[in-house]
Amino acid sequence: MSKTYSIEKAVYAGVDVGASHTKVALIDTAGHLRGHGVRKSGVNFSATAEMCLADALQMADCTADQVAHTVSTGYGRHNVTFASGTHTEIGCHAKGSYFYFPEAITVIDIGGQDNKIIKLDSNGRRISFKMNRKCAAGTGAFLEEMATRLDIPLSDMDGLARKSTETVNIGSYCTVFSATEVLEYIRHGKKVQDIIKGLFVSVIRRVLEMDSLTEKVVMTGGVVAHNPYLIDLSEEQIGRRVWTPPFPQLAGAIGAALYAKATQTSDNE
Amino acid sequence: MAHETKQILRRLKSAKDLSRFMADYYYELNEAAISGKRKIAWCTSVGPAELLRGLGYLIYFPETHAAMLGATRMATDLIPTANAMGYSPEICSYLTADIGAFVKGITPLSAAYKGITSVPKPDVLVYNTNQCRDVLDWFNWYGDKFNVPVVGIESYRSVGEITDFHIDSIASQIENLVAPLEELAGCKLDMDAFKQAVALSRECSDLWAQCLATASAKPAPLTFFDGTTLMGPAVVGRGTLKAVEMYRLLLDELEERVNAGEGALVGEEKYRLYWDGMPVWGRLGMHSKMFAELNANVIASTYCSSWIFSALDPSDPFKSMARAYTELFIVRNDAYKERYIQDKLDVFGCDGILYHNARTCPNNTNCLYGMPQRLFRKTGIPFVIMDGDLNDLRCLSDEQTKTNVEAFIEQLEEMK
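First to last, the sequence lines map onto chains A and B. In terms of the UniProt record's numbering, the first sequence opens at residue 1 and continues consecutively. In terms of the UniProt record's numbering, the second sequence opens at residue 1 and continues consecutively.
If you are wondering where the hints come from, they were derived from the structure by calculation, not from laboratory data. We put the CB at the ideal spot given by N, CA and C, even for glycine. One should not assume that every hint holds.
Within a straight-line C-alpha distance of at most 30 Å, the following computed BS3-like cross-link-like pairs (lysine-lysine) qualify [to be verified]:
#, chain 1, residue 1, chain 2, residue 2
1, B, Lys402, A, Lys119
2, A, Lys119, B, Lys378
3, A, Lys134, B, Lys319
4, B, Lys289, A, Lys130
5, A, Lys134, B, Lys337
6, B, Lys218, A, Lys216
7, B, Lys416, A, Lys119
8, A, Lys216, B, Lys402
9, B, Lys378, A, Lys130
10, A, Lys130, B, Lys270
11, A, Lys130, B, Lys416
12, B, Lys114, B, Lys104
13, B, Lys319, A, Lys130
14, B, Lys188, B, Lys319
Just the calculated beta-carbon pair ranges, DEER-fashion [what the hints assert, rightly or not]:
#, chain 1, residue 1, chain 2, residue 2, range
15, B, Gln210, A, Thr180, 56 to 64 Å
16, B, Pro80, A, Asn169, 31 to 39 Å
17, B, Arg73, A, Ala47, 32 to 40 Å
18, A, Arg205, B, Asp398, 23 to 31 Å
19, B, Gln373, A, Met59, 41 to 49 Å
20, A, Pro153, B, Gly105, 26 to 34 Å
21, B, Gly349, A, Pro153, 52 to 60 Å
22, A, Lys191, B, Thr379, 47 to 55 Å
23, B, Asp168, A, Asp121, 49 to 57 Å
24, B, Pro362, A, Arg205, 22 to 30 Å
25, A, Met59, B, Gly267, 35 to 43 Å
26, B, Asn140, A, Asp232, 34 to 42 Å
In isolation and in its complexed conformation, chain B is listed as follows:
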């Protein structure tokens, strides 16, 4: 007798468009790397992508590649290679997985996209330390390996109020990148193209923000786990028309769902949760199913909102980029972060909050300095802390995660 699998989650039609978008993106990079017709810049996830587009670079994001290593569960086998080279198991497992993969000559792109055999060779690496210090070490390693320049922006961290000083400093650092990047590109910065990229980036950001905001509907039309993959265009495609088009399609579909009263869960959405921190890439499917089976939907997150840049303004590209890159959650101080999460809990009508204590990413982990307890005292909304990691599956116990989550849902049930 055929085993019948119960459908517990509704697939989004736009997921197919996303797959096509990502395939086109990687094939274009691969072709450029082989032909040498376009210059390639490697960029951190919130590096100055708009400027690079204004200079005609194609942009490759190692962080996205590292997330693919996690999602394909290749990372845990590759991280030890980097560990043995001197990179501690306690540091960013994006870095260790990515360098491990490079050293071993492995990439998940090969399996996903026929004909691609390696990551595209960079002409320059451009970083922004707004994510963490680890990206700088990561990029310096590749700079040395490929013998290409590494340039970037040193961001402020734990920023409370954003002042003119912050903006002027970051804006001037971005402006200082123009000359070396022009020299490497072999052309002058096209200000119109640059401003157009900023405009498209802003449009992409606004549409992505609207997509995420649809989850305030009850039931929510998407889950956090959908969001972690659907945010692909916002990361790798910002500053392009294709990314904007992708999100128009997605927004239409999500609004259709909202209007039809159709949620992402097939069953009842009894509990609405907020996720703080990184996803566990190698457990996306498992976690998505686990929550759905408990009639819980993780509807909003700090992480997926990290690619919302509402300050971008094409009429003042340098300064608005500086503001957008500094306004980010990860760059801010704890007082700001507390207010931010409190606001999201309210807007999305969350019953509980789940903090992912990611072993190798303290920068994206907000349960280490008493924030859950402070927020609980303020809001009365219960929380649970899940020990894990973004890429290194050695740092998590599935059984303990399951018990933690199930017990949390029991707790929420008792409170209803």
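Just chain A, with the same shape it has in the complex:
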């Protein structure tokens, strides 16, 4: 059921309740991003989603009444009580990425707890997708764990990795074993920045093991949003250009908002 307001003033909300962070994106009828909000998901997904929506509405200078439709995605998608529909994060990252790159693309999403490789044809239809197996290697949770081990703030990782002069090799599939490898390097006096760069390369390798890459490669997710050096390292590893949408962390939320907008369109048909 659509609301009764002027269609020109309508906005569409996408709520991505991820394992780590909740993201809300508000788009207008033209598909432009008007506002957004990002908070840690915490333990009350519903309340966090509402707070993120309030942040986004404030940024967009909109009222809640203007939200025509809301679609939720992510692990907590079913906890968003004010959403009128849900889509998987795979669908939403695909849609959000295709909006910015409307051609055949391979989307790599590195999230807080899982990774995805999604292949789209030139019409934006999914050809295939793969999620990581039940393991945190190569995800944001992996980097969080390693930051704790190295006793550094997560936000310092990108800057430190850029200062590296030597890459150390982190080889294990397993986050816990990787931590042991890190401790081993610390014992041998390796520099923290070199270890961090090694961890970044390890994240990329774990992701590249999941599937082959075809067409233009687009990276999304909070990990690359906060650690853009990963893009540079990915390009080195892959040997070609890697693209990102304007707000990589919001790609899923934007995709959800685009689904919400599509709902509106079908309501009006």
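Position chain B relative to chain A; hints supplied.
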């Protein structure tokens, strides 16, 4: 206010007959074990059951018991016991669950069938390695524990074209079982009873094949999840008249549904899927509901078709058994498996294929060597891979499974 549960799946009336069949089967075994009046052979799921019936043995199948441990979700608590004894968490979780249960003196039979307190003690264990090598280790452990003989058939694996050499070799191995089994049974092989068992086994197989084939109707009258339990008689009762009668009833009901245009899903059957690999026994109900809610029906599978033995011929029992046991999907090479699945996708009109990557059963997992990608290139039919296991629930994430399946259905929707 009473909570109203929406019915999303239609129950089969024959399910009650199946329950009665399984109860009769286990009570008969239990009585024989207590009275000692009938000899009991433990047999692998595709072991030489027909021969054992010709020798008068009652047959108990540890694999079915292990599946019950999975379905009742007892397995995950029992597997660690076997792990601690030296059986890796990476090997068959049927084996580890079953041995764990035995060591702990637990069986789901007790809860299901009042008065049964343990599995029936074997007089002999008879294996066929056509399923995997693990069954041999499994049976040897019990052979040692009960101090009874373990005999069996060493099958060929990755068979492409089936040749006379394969048939002669397996047939002679089956014939070589006769003398030791006669000695243990205390009687000679009754050739008429043996041939009758082969004939009944073939009839059972044909009826089961027809039951599964009804799923080519749109909408399909049954789901893969129905099939995993309805195949019980084909596994434990092959070679008996009771199993044949059970499938006549089931086939009648399924044909009634087809004629009435009634599907297994209450809602619309928008997507028809093929399931490759084992079921996740501890999640049968959950998975069945999950697919139904998405208007998807898993209509055909490699697994439920594993008890179709079209080569059985009572006029040539040894050789036809050898052929039937070698023709099985699991025994064949990848080229055969690809053609087989491709044919099923076509016959059943499937929109997609779901591969269950069962952690502890690589023999029944067909997504490990690039087959999904090869089949996709050939057919254009999309696939998804679900990580899980038949019995060990430590190997799966329900949330990830759900996201994978939902995303797959979204993908199919985009393609419609």
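Hint check, failures only: Structure breaks hints 3, 6, 13, 20 and 26.
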